[in-house]
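Chains as they are written, first to last, in full-length UniProt numbering: chain A, 1 to 207; chain B, 1 to 207.
Among the hints, erroneous ones may be present.
Identical copies carry no separate label here, and so any pair may be met within one copy or between two of them.
Unchecked claim - Derived lysine to any residue pairs resembling SDA-like cross-links, with alpha carbons at most 20 Å apart:
1) 80 to 133
2) 54 to 42
3) 167 to 39
4) 23 to 189
5) 24 to 185
6) 54 to 43
7) 35 to 172
8) 54 to 22
9) 167 to 28
10) 35 to 113
11) 167 to 97
12) 6 to 91
13) 54 to 26
14) 6 to 93
These are computed hints drawn from the structure, not numbers from a lab.
Protein chains: 2
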Amino acid sequence: MNFPSKLIENAVNEISRLPGIGKKTALRLVLHLLKQKENTTIELADSLIALRTKVRYCQVCHNVAEGEICDICKSHRRDKSIICVVEDLPDVMAIENTGQFQGLYHILGGVISPIQGVGPDDLKIESLIKRVFESQSSGEAVQEVILALPATMEGDTTAFFITRRLKETGIKVSTIARGIPVGGELEYTDEVTLGRSILTRVNYSLD
Amino acid sequence: MNFPSKLIENAVNEISRLPGIGKKTALRLVLHLLKQKENTTIELADSLIALRTKVRYCQVCHNVAEGEICDICKSHRRDKSIICVVEDLPDVMAIENTGQFQGLYHILGGVISPIQGVGPDDLKIESLIKRVFESQSSGEAVQEVILALPATMEGDTTAFFITRRLKETGIKVSTIARGIPVGGELEYTDEVTLGRSILTRVNYSLD
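Take the sequences, apply the hints, and build the full model.
Pasting the structure below:
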């Protein structure tokens, strides 16, 4: 692509480094910004710089935070005896949106993936183990760790690794249920999911 | 969507104001930036601010320029007797990429669209008429105006309006050929295009 101006070329190059955005889309965004008021672009740029330079991570659960500890860890309303382990930030947001979980989180920052060169040491696994151990000598011992990891080989490997490491703490380790989504039809469910949903059936309750 | 941090929320809101980018995509981009080096975000933001605050428009053809006059208008190699009228910047880039046009451009900044409230005064039409008139009293008179406008009702309206305004200058006004694209098959071409391509047939040349 030949650009009529070095400024446009630079902006297109920078924008197209974002995932899922090619040169054509980047050019479209650049032309859009050029047609908007100067403030639109300045506010966008400022919000990006503020985001990247001011965001801190919670020292306990590695969630994003504005101070040292995130709002969830700080809250007195949350149940400190349960920790839900997730891969990344969007998972926390998804679970928070359900309103079904009142415990704390622990964000690994990824899952173990030998192919992508991600080992246990690249993730916040040690910090989880330490957190559980330290809670046991304090007044608020962690009773249960829920693994809410992706249903992939990498997720399963990570779950296995964490469960083994947590064994000596003696606490309960659970994993979120795999099965047919609510509203899903049996005949269109893949056989692995359907098979698992039969194996992990739960008692039917009339309550 | 509930955000774990005001900084993330701001950035997502700003990014999702861009066309074609929703909140989910914006969040994905934000999380991507958070995982990259701080410099990636700062360079992106700087390029956007530089783009928006430093880009100038050519006083002659309204193309983007870094000074008062754009590189195409400044060039001594371009044929100053032909002006190609286009809707916007990407059209200039597309035509330049063909390597088939050596004249100058005139960027209208849109097309006449009563539905979207765009009238002739919102576009650089007067400036085109003035440009052609002024060239006639100078040494380098414009001989031809090529209309390279979109093949839509708005494009046709704009072409009609410009042609009528240019009538008294007495110069040649042409429009780019509509027809079957190179490599296109007759049976899959819509009837309007096919019909026009028969009406506007050109002499077959053996050269």
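Going down the list of hints, with the structure as the test:
no. : hint      : in the structure
1   : 80 to 133 : within (14 Å within a copy, 79 Å between copies)
2   : 54 to 42  : both (17 Å within a copy, 12 Å between copies)
3   : 167 to 39 : neither (55 Å within a copy, 41 Å between copies)
4   : 23 to 189 : neither (38 Å within a copy, 29 Å between copies)
5   : 24 to 185 : neither (40 Å within a copy, 27 Å between copies)
6   : 54 to 43  : both (16 Å within a copy, 16 Å between copies)
7   : 35 to 172 : neither (57 Å within a copy, 32 Å between copies)
8   : 54 to 22  : neither (28 Å within a copy, 24 Å between copies)
9   : 167 to 28 : neither (53 Å within a copy, 35 Å between copies)
10  : 35 to 113 : between (44 Å within a copy, 17 Å between copies)
11  : 167 to 97 : neither (31 Å within a copy, 64 Å between copies)
12  : 6 to 91   : between (40 Å within a copy, 18 Å between copies)
13  : 54 to 26  : between (26 Å within a copy, 18 Å between copies)
14  : 6 to 93   : between (40 Å within a copy, 14 Å between copies)
Of the hints listed earlier, those the structure fails to meet are numbers 3, 4, 5, 7, 8, 9, 11, in rising order.
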